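Engineer: Just so you know, the protein sequences line up as chains S and H, in that order.
According to this note's numbering, the residues represented by the first sequence are 1 to 547, in order.
According to this note's numbering, the residues represented by the second sequence are 1 to 457, in order.
Warning: the hint list may mix true and false statements.
As the list claims (entries may be wrong) - In silico EDC-like links for lysine to aspartate or glutamate, alpha-carbon gap of 20 Å or less:
| # | chain 1 | residue 1 | chain 2 | residue 2 |
| --- | --- | --- | --- | --- |
| 1 | H | K14 | S | E125 |
| 2 | H | K62 | S | E465 |
| 3 | H | K348 | H | E12 |
| 4 | S | K313 | S | E433 |
| 5 | H | K435 | H | E248 |
| 6 | S | K466 | H | D97 |
| 7 | H | K171 | H | D115 |
| 8 | S | K175 | S | E142 |
| 9 | H | K188 | H | D278 |
| 10 | H | K444 | H | E228 |
| 11 | H | K349 | H | D278 |
| 12 | H | K62 | S | E214 |
| 13 | H | K348 | S | D14 |
| 14 | S | K29 | H | D97 |
| 15 | H | K14 | S | E412 |
| 16 | H | K167 | H | E227 |
| 17 | S | K21 | S | E322 |
| 18 | S | K19 | S | E465 |
| 19 | S | K175 | S | E125 |
| 20 | H | K381 | S | D145 |
| 21 | H | K313 | H | E364 |
| 22 | H | K171 | H | E228 |
| 23 | S | K313 | S | E430 |
| 24 | S | K340 | S | D519 |
| 25 | S | K134 | H | E12 |
| 26 | S | K440 | S | E412 |
| 27 | H | K314 | H | E364 |
| 28 | H | K348 | H | D335 |
| 29 | H | K14 | S | E142 |
| 30 | S | K424 | S | E324 |
| 31 | S | K440 | S | E427 |
| 32 | H | K271 | H | E160 |
| 33 | S | K400 | H | E74 |
| 34 | S | K440 | S | E430 |
| 35 | S | K29 | H | E126 |
| 36 | S | K222 | S | E322 |
| 37 | S | K21 | H | D97 |
| 38 | H | K14 | S | D145 |
| 39 | H | K230 | H | E248 |
Note that these hints are calculated values from the structure, not bench results.
A quick note: this is a predicted structure, and the numbers were derived from the prediction, not measured.
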Amino acid sequence: MAIVTADEKLRQWDPEEIKAKLISIYPPKVARKRARQIMINEALEEGSPEIMANVRTIPGIITMRGCTYAGCKGVIMGPTRDIVHLVHGPIGCSFYAWLTRRNQTNAGPDGENYMTYCFSTDMQESDIIFGGEKKLAQAIQEIYDLMHPKAIAVFATCPVGLIGDDIHTVARNMKERLGDCNVFAFSCEGYKGVSQSAGHHIANNQIFRHVIGENDEPKEGKYRINLLGEYNIGGDGFEIDRIFKRCGITNIATFSGNSTYDQFASAHQADLNCVMCHRSINYVADMLEIRFGIPWVKVNFIGANATAKSLRKIAAYFNDRELEQRIEAVIANELPEVEKVLEEVRPRTEGKTVMLFVGGSRAHHYQELFRELGMKVLSAGYEFAHRDDYEGRRVLPFIKVDADSRNIEEIEVEPDERRYRPRKSPEEMEVLEKAGIKFKHYEGLAPDMPPGTLVIDDLNQHEAEKLVELLEPDLFCAGIKEKYSIQKLGVPMKQLHSYDSGGPYAGFRGAINFYREIDRLVNSRVWSYMKAPWQEEPQLSAAYVNG
Amino acid sequence: MLLRHTPSRIIERKAVTINPAKTCQPIGAMYAALGVHGCLPHSHGSQGCCAYHRSTLTRHYKEPILAATSSFTEGASVFGGQANLLQAFNNIFTVYDPDVIAVHTTCLSETIGDDLPQIRKKALKEGKIPEGKYVMCASTPSYVGSHVTGFSAMVKAMTEFSQSTGKRNGKVNILPGWVEPADMEEIKRILSLMGIDAIVMPDTSGVLNTPLTGRFSMFPRGGTTMEEIKATGDAIATVALGRWCSEEAALALDKMHQVPCNVIDMPFGLKATDRFIDTLRSVAGVSVPEAIDVERGQLVDMISDMHQWVYHKKVALAGDPDQLISMTEFLVSIDMWPTHIVTGTPGKKFEKRIREICAELPYEVNVKAKGDLFLLHQWIKNGPVDLLISNTYGKYIARDEDIPLVRWGFPILDRQGHQYFPTVGYRGGLRLLEKILSALLDRKDRDDDEVQFELVI
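Next comes chain S alone, as it looks inside the complex:
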């Protein structure tokens, strides 16, 4: 079999033709909509071409997306270990979000860890008919009596909004009644918005309203940051914290991998917010800036080079010689091992092709690692992103707010009378900006991808199969629902939500893990076993028969 290099592969196909083939099967209305969500990338003077995103999923089209509840409870709030997450609704929603996201957790010296538990009001028909508020209040009381947690978070599922249970009043009343337990609620019914994204926003609002700023007890540390949008899948957050510690950077709060109530409550004490996953958490970064005066920068700890770059960005912000030297020393100490492994692996990964469709940031971040491996991204896209995640925040003023987005609350934040403190003066900010630090800035995924590649929003089952059939990538990355249909086609599939069972992939050690994992996947012998010998050479047996 002739070996086709990635460049040849790219030359062989015409993106317009591929796009046409992806949508040719659809009814006209669906085809028109999907055409606007499939963008052929170009390097324009002003960023990249427009893509339609954060719009309704088409009924009947097999989507990768989940719901608002999944975004709120599953993604943002789920990883906080010392808050009891009580799901108000029928049993399923709580069951499916029980330990399935691989957020690693270290219970720490206090030992408080409810991550292994699943709490539900298990609503029955009578609760739907007569209302579930009493049952919810009773459930909160029972949890308190059993475990005395410091906080209980209540999550609404679809029927709760429909029958009009006032979960916020129940939460407020129970908070008063219990005295030493903060109780707050999230109206994150699954039907809201168009994807998980609405749930992120709802989670961000409530955590800001009910927890952030609750603890003014000073947190020690010379260089104090928050890490926003890092969920500690497979221990990513642990690796990033290891590096921070070596650099002397104090991470006050991670939103929200292995996080605690107190971390959120103290987050207003940080001097810089570092945003990993732009999609899921940029709201909190903005609110922390407006209320407390903490600026934010976009970082990415996926990829060894990206990690070094992000650390240097933090050093530049603090503008401190000691920190800068320490960070450079850490980078110089960590990189040789990374480079050694890369040198070994890269000859086996160089020129291979990959597609990635995941999340609201990962499809962008992981391109760093694939670049390091010398692999070419043929196509990429997000499951629940907005236009700014593709085209950069420059398009924010031009994004039309549709009915689905309008239903998601935007909270008005004002500077805190007592605690608002700009971390840098306007002059200092200007100097930093001149030196190349971009605040509140995210370029998006598209400008980082080569012209002619396909950027696809909310990719679906049909398009995924078709892409693999037409472009024959060496690796496909998405989630658990996509995994096995891709592998049946004989193409290895890496989950980039849960990492299958791997990780960490962040930071320096994570990069090493990822190089080895991708090497394993694209060079596995298993993909050569699709056909039995007699299927490869059927005529041979005929010759024997004839002879």
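Since the structure of chain S is already known, use the hints to place chain H on it.
Structural biologist: Structure of chain H alone, referenced to chain S:
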């Protein structure tokens, strides 16, 4: 300790379920629908339901699970989901071209009162269901029953398509209930050994245990065909395995087409398999072949060989009612002591049946329907056991309490084998016994000191 906040003192809970031993109806409906050939399950609700069910089934089977959703938005939730479902029919038949769409409801569509049969009628009238294609409808609100009753509801929905020509076709309907694809295959093997012409409905073998060949088909070879489903109305008898999973559909076939129904326990373990074979023999009017006698004898042989290692060992169990009833009976039959038993699925009949099975044991068994793993754990803390049999979630209890675990039930998220190696029938009984013995003996080997450690067991 991973479940360190679980106290041993039991306080009655009225409102909160902790660490459930069940999930919701729609996932059962989805699993059942996958056992129909050429069928695309469809979840009528928010897209999150469909995503969660697909993810859970995928993690259990390590196989593609394809299903569509009506993707409700806030608007659909206010004005009803009819427009979404009609649009979905059109898109699904155009893009994926299944023979059948099996729609089930969710708590969302049920709360707003969407009426699936009415929407189907409208779709038919508007030509949105092409000639020769079918739409099945099951009502499965998540706030009623459990995943088990959801499975049952979808099997009952299948019976709507049964027809009677007035002439019996000599076939036996087998409603296997929620068992693994490997179990369905094993049931078919037994039927063929006995020379019985049967329709197994649903049948996920050949759908959820497909080979890796470099080709992917959304609709693999397996599954009960619509022709077979139609023919169930002409069968000479129905054998329904498991009251919770299969009784409703069996009664429906009886009522509609006077197909005599026999609702028996799922054939796990010696005695339940004896009753299964005996029932098959009498409804089909065949004699039991020697091959089956041999398999039975092999199971009895292994029980006798290894009896000393299981004798009076205490077992805690969590799972689904039909499975637990047969498993508890099996444990009692080999002189083990099932001690604490929970299912999340409601049904007082379950508790009654378990008490009957355990009636002759020298202690009062702890049993609860609508129970949860939190309660089971508390029971274990108060009355230690030698073995835990449950789905994967039991591993947290097993680790904390240092108890050997046999994974059996749904979902199994961390081990392999359930889609390939059956646990029904006598051969399945051998496997169950082997798994129990391995767990107990691995523990013995781990715990024995150097003096007691033995080569031959």
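Engineer: Taking the hints in turn, state whether each one holds.
Structural biologist: Status of each hint after checking the structure:
1. H:K14 / S:E125: holds (15 Å)
2. H:K62 / S:E465: Holds: H:K62 and S:E465 sit about 18 Å apart, inside 20 Å.
3. H:K348 / H:E12: Holds, because 18 Å separates the two Cα atoms, which is no more than 20 Å.
4. S:K313 / S:E433: Holds. S:K313 to S:E433 sits at ~11 Å (cutoff 20 Å).
5. H:K435 / H:E248: The hint is violated at about 32 Å.
6. S:K466 / H:D97: Holds. S:K466 to H:D97 sits at ~15 Å (cutoff 20 Å).
7. H:K171 / H:D115: Status violated; Cα separation ~34 Å.
8. S:K175 / S:E142: holds (14 Å)
9. H:K188 / H:D278: holds (16 Å)
10. H:K444 / H:E228: violated (49 Å)
11. H:K349 / H:D278: Roughly 24 Å separates the two Cα atoms, so the pair is violated.
12. H:K62 / S:E214: violated (44 Å)
13. H:K348 / S:D14: violated (64 Å)
14. S:K29 / H:D97: This hinted pair holds, its Cα atoms lying about 18 Å apart.
15. H:K14 / S:E412: violated (39 Å)
16. H:K167 / H:E227: Cα-Cα ~15 Å, so holds.
17. S:K21 / S:E322: Violated: S:K21 and S:E322 sit about 57 Å apart, past 20 Å.
18. S:K19 / S:E465: holds (13 Å)
19. S:K175 / S:E125: Between S:K175 and S:E125 the Cα gap is close to 27 Å, so the pair fails against 20 Å, i.e. violated.
20. H:K381 / S:D145: Holds, at about 19 Å.
21. H:K313 / H:E364: Holds, at roughly 15 Å.
22. H:K171 / H:E228: Roughly 10 Å separates the two Cα atoms, so the pair holds.
23. S:K313 / S:E430: holds (15 Å)
24. S:K340 / S:D519: holds (14 Å)
25. S:K134 / H:E12: Holds: S:K134 and H:E12 sit about 17 Å apart, inside 20 Å.
26. S:K440 / S:E412: holds (18 Å)
27. H:K314 / H:E364: The hint holds at about 13 Å.
28. H:K348 / H:D335: violated (25 Å)
29. H:K14 / S:E142: holds (8 Å)
30. S:K424 / S:E324: holds (18 Å)
31. S:K440 / S:E427: holds (17 Å)
32. H:K271 / H:E160: violated (33 Å)
33. S:K400 / H:E74: holds (18 Å)
34. S:K440 / S:E430: holds (14 Å)
35. S:K29 / H:E126: holds (18 Å)
36. S:K222 / S:E322: holds (11 Å)
37. S:K21 / H:D97: Cα-Cα ~17 Å, so holds.
38. H:K14 / S:D145: holds (13 Å)
39. H:K230 / H:E248: This hinted pair holds, its Cα atoms lying about 17 Å apart.
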